[in-house]
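Here is what each chain is made of, one letter per residue.
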Amino acid sequence: MATLLQGLGVASAFSASPSLDSKKLQLRSLSGRKAGIYVVRSDASLNLHTGAPKAGRLITNAVVAKGDSSAASTSSKPGHELLLFEALREGLEEEMERDPTVCVMGEDVGHYGGSYKVTKDLANKFGDLRVLDTPIAENSFTGMGIGAAMTGLRTVVEGMNMGFLLLAFDQISNNCGMLHYTSGGQFKIPIVIRGPGGVGRQLGAEHSQRLESYFQSIPGIQMVACSTPYNAKGLMKAAIRSKNPVILFEHVLLYNLKERIPDEEYVLSLEESEMVRPGEHVTILTYSRMRYHVMHAAKTLVNKGYDPEVIDIRSLKPFDLHTIGNSIKKTHRVLIVEECMRTGGIGASLTAAINENFHDYLDAPVVCLSSQDVPTPYAGPLEEWTVVQPAQIVTAVEKLCQ
Amino acid sequence: MAVSRLASSSSSSGSSLVKPISAALSFTSSLRRSLSSSADDSTTLTIETSLPFTSHNCDPPSRAVETSPKELMSFFREMALMRRMEIAADSLYKAKLIRGFCHLYDGQEAVAVGMEAAITKKDCIITAYRDHCTFLGRGGTLLEVFAELMGRQAGCSKGKGGSMHFYKKENGFYGGHGIVGAQIPLGCGLAFAQKYSKDETVTFASYGDGAANQGQLFEALNMAALWDLPAILVCENNHYGMGTAEWRAAKSPAYYKRGDYVPGLKVDGMDVLAVKQACKFAKEYALKNGPLILEMDTYRYHGHSMSDPGSTYRTRDEISGVRQERDPVERVRKLLTSHDIASEKELKDIEKEIRKAVDEAIAQAKESPMPEPSELFTNVYVKGYGVESFGADRKEVRARLP
Numbered sequence: 001m002a003t004l005l006q007g008l009g010v011a012s013a014f015s016a017s018p019s020l021d022s023k024k025l026q027l028r029s030l031s032g033r034k035a036g037i038y039v040v041r042s043d044a045s046l047n048l049h050t051g052a053p054k055a056g057r058l059i060t061n062a063v064v065a066k067g068d069s070s071a072a073s074t075s076s077k078p079g080h081e082l083l084l085f086e087a088l089r090e091g092l093e094e095e096m097e098r099d100p101t102v103c104v105m106g107e108d109v110g111h112y113g114g115s116y117k118v119t120k121d122l123a124n125k126f127g128d129l130r131v132l133d134t135p136i137a138e139n140s141f142t143g144m145g146i147g148a149a150m151t152g153l154r155t156v157v158e159g160m161n162m163g164f165l166l167l168a169f170d171q172i173s174n175n176c177g178m179l180h181y182t183s184g185g186q187f188k189i190p191i192v193i194r195g196p197g198g199v200g201r202q203l204g205a206e207h208s209q210r211l212e213s214y215f216q217s218i219p220g221i222q223m224v225a226c227s228t229p230y231n232a233k234g235l236m237k238a239a240i241r242s243k244n245p246v247i248l249f250e251h252v253l254l255y256n257l258k259e260r261i262p263d264e265e266y267v268l269s270l271e272e273s274e275m276v277r278p279g280e281h282v283t284i285l286t287y288s289r290m291r292y293h294v295m296h297a298a299k300t301l302v303n304k305g306y307d308p309e310v311i312d313i314r315s316l317k318p319f320d321l322h323t324i325g326n327s328i329k330k331t332h333r334v335l336i337v338e339e340c341m342r343t344g345g346i347g348a349s350l351t352a353a354i355n356e357n358f359h360d361y362l363d364a365p366v367v368c369l370s371s372q373d374v375p376t377p378y379a380g381p382l383e384e385w386t387v388v389q390p391a392q393i394v395t396a397v398e399k400l401c402q
Numbered sequence: 001m002a003v004s005r006l007a008s009s010s011s012s013s014g015s016s017l018v019k020p021i022s023a024a025l026s027f028t029s030s031l032r033r034s035l036s037s038s039a040d041d042s043t044t045l046t047i048e049t050s051l052p053f054t055s056h057n058c059d060p061p062s063r064a065v066e067t068s069p070k071e072l073m074s075f076f077r078e079m080a081l082m083r084r085m086e087i088a089a090d091s092l093y094k095a096k097l098i099r100g101f102c103h104l105y106d107g108q109e110a111v112a113v114g115m116e117a118a119i120t121k122k123d124c125i126i127t128a129y130r131d132h133c134t135f136l137g138r139g140g141t142l143l144e145v146f147a148e149l150m151g152r153q154a155g156c157s158k159g160k161g162g163s164m165h166f167y168k169k170e171n172g173f174y175g176g177h178g179i180v181g182a183q184i185p186l187g188c189g190l191a192f193a194q195k196y197s198k199d200e201t202v203t204f205a206s207y208g209d210g211a212a213n214q215g216q217l218f219e220a221l222n223m224a225a226l227w228d229l230p231a232i233l234v235c236e237n238n239h240y241g242m243g244t245a246e247w248r249a250a251k252s253p254a255y256y257k258r259g260d261y262v263p264g265l266k267v268d269g270m271d272v273l274a275v276k277q278a279c280k281f282a283k284e285y286a287l288k289n290g291p292l293i294l295e296m297d298t299y300r301y302h303g304h305s306m307s308d309p310g311s312t313y314r315t316r317d318e319i320s321g322v323r324q325e326r327d328p329v330e331r332v333r334k335l336l337t338s339h340d341i342a343s344e345k346e347l348k349d350i351e352k353e354i355r356k357a358v359d360e361a362i363a364q365a366k367e368s369p370m371p372e373p374s375e376l377f378t379n380v381y382v383k384g385y386g387v388e389s390f391g392a393d394r395k396e397v398r399a400r401l402p
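Those sequence lines, one after another, are chains Y and H. Numbering-wise (the UniProt record's numbering), the first sequence opens with residue 1 and increments by one. Numbering-wise (the UniProt record's numbering), the second sequence opens with residue 1 and increments by one.
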């Protein structure tokens, strides 16, 4: 079991649409830290305006126990242990079995098994056409994935590193994001673009890019970042099932995380965040690898007497302002810890969104710790200094909570 | 009138091969009779194309094209309609009812019409921004065209796409793309999906001589050839990439040869029968052997777009020369009159009808309302997430996404 308490998204069963200025938000506080996992059903059909929600409804309770929606603790079911990349593979494999229109394309995904082994053995199982080895032509194979998605195939495009997808930025921004809009709704692009990004172990500047910021303004796409094997599998499945184009950010250093996940099939909601550790004093918003730095710092903070509430925002676009708002209303202090660039990064957008919507609830300005605005250096100590370290998080919390 | 006299249209020395009139050959038939303009469809005419096909790495199809009077009449009607539509769009643009970019296709109608004649609506066509006539050929209506150009609700993309974003999914028309060359990988993606679902259809991905220098073309071609995708890449070579003549932009303007290992065919794009023959050949070829490049040697009378006069980089003599000698509509007109399928008067009547239809469509389109403000936020996502979005003043436009 991971050392992280895995509560599920506190975006619990609200029936009203989460209008941000309303006082009718229901505050659900997970008072105290309870061991065991809460399964809270979150209604994915938030917006009652469109008639479509029932059709496209995601199963968002974490454990689908044959239609039983009541809370079920996974401690009664043993689950199985695996690494994050295996969880991704499991999710992908299950979706490919379930739906014959799901196909994967990317460099070295087929015979080689994927550069991070996410697609290992899938080519043997599903054939070369469904797990397609492409030449090194990111722009065009992303374009091909989008073209295939226009006809209804659910393509999963793997970028060997998110940085390489910069070459495909035109296709992602202009075609993937915009075609649904410019065609007046005629085309759906149910594509998933996934790949590892972030700062690794001395991989050099071009292979350690934090690109979430570049994609976040593209209208029409959704972005999610996974951080644990549990949410990796759930988000992968949700992304494949989603009718919107989704960019799934993984992190190079997280592929070997081990965790026990449920045996049953589960799909997570793409727009929800995850309550990692409920608390009272300060809300720490984070995602991807920084979650672990935060939890590391949390241990120190707890020893010093602070009670941080840690939320893994998971959904980078759109932000789950419902959960975040509830948390802010409780703690009144926000710290954002992220690996994205300081300028124009996810944290910057989140800070703006929080200030806009929850200004009245803040006792102190939002503090955002991001990685430095530099290309990632090769030298070890310098690379460490590029990203946020737990000591800095502790200092920031102490300052914030004065 | 008895219709069987059409057999006598091979009044030229018994041979059924009639050289089409490329220059002004006045073909007076002593057997001229007045016929109703709805010519019958039972007879087949075999007409030779004006120029032979030049091929690269394959055997060219025969010059003798089989057609019927009905088909020729439909060619005339469609091309005259497209011509009229584009000229009307010209006047609308100058009247400032159409804004932004408006790329007109007059002069190139034979490519759109000939292609349609060779394929079904299950085959896919994808092209760049010069898409009004291709859209019409794929079953779009005049109202949809004009309404979309004027940004009204009755447009094919609900007014949100504009001139460069015409789509008709149910008839296999995938647009309509503004970025030069970006539609080629999309087209290969469509072909990939066709191969995936094994439905024996092909994709025609059109691009211009300017786009022929894009890297993504070669990337996509490589992949299409690697996996034997049923993609036919059609280079509509109108000899000018916006303002740059092809010899100034391309070291090798033999675009049909640029595929290297992919066979190519050079076609006289102003001869609708040649286009039809080439596309038929291409479809059969692509279903068996993989991609093919068709280079359509064509010409546009207007400038690159409405903001380009079109005369700074070419002489007016050149334009009028082509119009006199190679105009596609005139060519069919002469074919029709020389084969006694229709008289001059009938053709003029058809043109009058077309003019009326176009005027009516414009009037109807002008009455169509502008999109509602709430339409700003629809179709951004397929499945929305209920977030509220509003305009700058937070009052006027408030909508839930989507």
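Hint data in this document are derived by calculation from the structure and do not stem from the laboratory. In this text the structure is predicted, and so the values were computed from the model without any measurement. One or more hints might be untrue.
Mimicking DSSO-like on lysine-lysine, the simulated pairs with C-alpha atoms at most 30 Å apart in a straight line are [what the hints assert, rightly or not]:
1. Y:K125 <-> H:K198
2. H:K288 <-> Y:K243
3. Y:K317 <-> H:K334
4. Y:K125 <-> H:K288
5. H:K280 <-> H:K121
6. Y:K330 <-> Y:K243
7. Y:K329 <-> Y:K258
8. H:K121 <-> Y:K243
9. Y:K120 <-> Y:K258
10. H:K122 <-> H:K70
11. Y:K120 <-> H:K198
12. H:K122 <-> H:K169
Do the hints match the structure? See the list:
1. Y:K125 <-> H:K198: Holds - the C-alpha atoms of K198 of chain H and K125 of chain Y are around 20 Å apart, at most 30 Å.
2. H:K288 <-> Y:K243: violated (33 Å)
3. Y:K317 <-> H:K334: violated (60 Å)
4. Y:K125 <-> H:K288: holds (26 Å)
5. H:K280 <-> H:K121: Given that 30 Å is the threshold and the Cα spacing comes to 14 Å, the pair holds.
6. Y:K330 <-> Y:K243: With a Cα-Cα distance of about 34 Å, the restraint between K330 of chain Y and K243 of chain Y is violated, given a limit of 30 Å.
7. Y:K329 <-> Y:K258: Violated, at about 34 Å.
8. H:K121 <-> Y:K243: Holds, because 25 Å separates the two Cα atoms, which is no more than 30 Å.
9. Y:K120 <-> Y:K258: holds (18 Å)
10. H:K122 <-> H:K70: holds (23 Å)
11. Y:K120 <-> H:K198: Since the Cα atoms of K120 of chain Y and K198 of chain H sit roughly 26 Å apart, the hinted pair holds (cutoff 30 Å).
12. H:K122 <-> H:K169: holds (10 Å)
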